[in-house]
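The lines below spell out each chain.
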Amino acid sequence: SQTIHQWPATLVQPVGSPLSLECTVEGTSNPNLYWYRQAAGRGLQLLFYSIGIDQISSEVPQNLSASRPQDRQFILSSKKLLLSDSGFYLCAWSDIQGYGNTIYFGEGSWLTVV
Amino acid sequence: GESVGLHLPTLSVQEGDNSIINCAYSNSASDYFIWYKQESGKGPQFIIDIRSNMDKRQGQRVTVLLNKTVKHLSLQIAATQPGDSAVYFCAVRNQAGTALIFGKGTTLSVSS
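From first to last, the protein sequence lines are chains A and B. Convert by adding 1026 to the 1-based position in the first sequence; the result is the number in the working numbering. Convert by adding 32 to the 1-based position in the second sequence; the result is the number in the working numbering.
These are calculated hints, taken from the structure and not from any lab test. Every value quoted in this text rests on a predicted model; they were computed, and no experiment measured them. Be careful, since some hints might not be right.
List time: in silico SDA-like cross-link candidates among lysine to any residue, alpha-carbon distance up to 20 Å [to be verified]:
| id | chain 1 | residue 1 | chain 2 | residue 2 |
| --- | --- | --- | --- | --- |
| 1 | B | Lys74 | A | Thr1036 |
| 2 | A | Lys1106 | A | Trp1136 |
| 3 | B | Lys136 | B | Ser117 |
| 4 | B | Lys74 | A | Trp1033 |
| 5 | B | Lys136 | A | Glu1085 |
Taking the hints into account, I'd like the entire structure generated from these sequences.
See below:
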């Protein structure tokens, strides 16, 4: 069965510091991968999606970036965090062969920028 | 651009009642819809999906209804239980077919 892991689960970072959130998927190959952000009390905002290694599409202009160095690894980064980057970050995957693109989420990473 | 909206941000029901959560979408060409449940501090979990060639689909205690004429989607939960308390999101596949667009969520509270 497929599993998705992301870490760290929680982190508190000062303004201006770098960020690296990592996500890996097991049990599938060539998945679509996604990073979503969820601000408190709000819906999920798509940040990045990837259909393959080194193929990243950005949905929202921001100071975040994503990379996919391996087929099942997706990394969310920032060189300098802003207070507004605080939120709940969710990695997700979907089966590229699946018609419906059902997306399966990881457990999320809570980021607090102070 | 494409958007997804909820009719009510919160819904409170009694245990045993039926719950109905509504959602509207903007793109009449949308062809795939999903409902997710998110418990506090966790990632959203898939509940049920429906394609645009269907009007209704049933799962265990849940039913999704799709009205393409008015671009409306609903989730019905039968015999709501305290464990159903969570935030429910509807999501629509984007026009490019590459990702899902989410609504803001409805918080369902079930009291005993």
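Each hint tested on the structure:
1. Pair hint Lys74 (chain B) plus Thr1036 (chain A) holds up; C-alpha atoms about 12 Å apart against a cutoff of 20 Å.
2. For the given pair, Lys1106 (chain A) sits about 17 Å from Trp1136 (chain A) by alpha-carbon distance, which is consistent with the 20 Å threshold.
3. Distance check on the hinted pair: Lys136 (chain B) and Ser117 (chain B) sit about 16 Å apart at the alpha-carbon level, within 20 Å; holds.
4. Restraint check: the Cα-Cα separation between Lys74 (chain B) and Trp1033 (chain A) comes to about 13 Å, which is no more than 20 Å; the hinted pair holds.
5. Annotation: proposed proximity of Lys136 (chain B) to Glu1085 (chain A) holds, straight-line Cα distance about 17 Å (limit 20 Å).
Checked against the numbered hints given earlier, this structure breaks none of them.
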